[in-house]
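Using the sequences plus the hints, can you model the full thing?
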Amino acid sequence: MKLTDDHLQTFVEQGFVIVEDFYPEERRAQIAEGIRQTLPPWEVIADDPPARRLLTDDFPYADMLFNEFILDWDLIAFVQRVLDTEDIFFRYAHNWARYPDPGAEQPGLHIDNGNNSLLPPTSDRRYGQISTWYFPEAVDENQAPMQIVPKPYGQDLSKRVLLTVPAGTIMIFNTHLWHSATVFKGREGQRYSATRIYGRAD
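Just so you know, we're using this note's numbering here: the sequence shown kicks off at 1 and counts up by one.
None of these hints come from the bench; they were simulated from the model.
Please note that the accuracy of each hint is not assured.
[Stated by the list, open to error] Derived Cβ-Cβ restraints for the label pairs, each shown as a range:
#: 1; residue 1: GLN37; residue 2: THR164; range: 23 to 33 Å
#: 2; residue 1: GLN80; residue 2: ALA46; range: 36 to 46 Å
#: 3; residue 1: ALA167; residue 2: ASP6; range: 20 to 30 Å
#: 4; residue 1: ARG126; residue 2: ASP48; range: 24 to 34 Å
#: 5; residue 1: GLU26; residue 2: TRP73; range: 14 to 24 Å
#: 6; residue 1: ALA167; residue 2: LYS2; range: 18 to 28 Å
These numbers were taken from a predicted model, which means no experiment stands behind them.
We put the beta carbon where it would ideally sit given N, CA and C, even for glycine.
Below, the structure written as structure tokens:
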């Protein structure tokens, strides 16, 4: 899907934008299957679950599909518009699988600063880091959906947006927005995500 002026305006106002059906169905299915090859579904590992009920696969990937996934030129062009520069660096990428953990404590709200940028938080979007979270499978309220607080509301969790989304949805956001995962309350299934982060190079 092409990212439009309307998407950019939403990003400017809210600090993030959510886009459904971001890739064609064939591409979405390919990404979903690729993640399942390295991060097994819950039914495969339920008898021996990972620590913190989380598995990750970080860049560089053994599967070239995900290395190529980083070079999404429509997405990069959108980041260039957000950051008001043509000089873009790729910062970091990972695939995650979260699994059932109904007894866990709620993760705290945070901003991403120390893990991918030396730049301090700023209200000037030109100096933010832009993170993109793609969900190849549907996420319901019991599958640890991300929560994010729109830019106008700072840390006011009562204004949060809960990312219960259909398969094939992407969320593009400034990493200086307050956000977190939520508890995986369900007792089966998993929540897959593929993340790519970009920043300005100049």
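A quick look at each hint next to the structure:
1. GLN37 with THR164: 23 to 33 Å: At roughly 26 Å between Cβ atoms, THR164 and GLN37 fall inside 23 to 33 Å, so the hint holds.
2. GLN80 with ALA46: 36 to 46 Å: 43 Å, holds
3. ALA167 with ASP6: 20 to 30 Å: Since the Cβ atoms of ALA167 and ASP6 sit about 23 Å apart, the hinted range of 20 to 30 Å holds.
4. ARG126 with ASP48: 24 to 34 Å: At 46 Å between Cβs, range violated.
5. GLU26 with TRP73: 14 to 24 Å: 19 Å, holds
6. ALA167 with LYS2: 18 to 28 Å: 20 Å, holds
Against the hints set out earlier in the document, a violation occurs for number 4 only.
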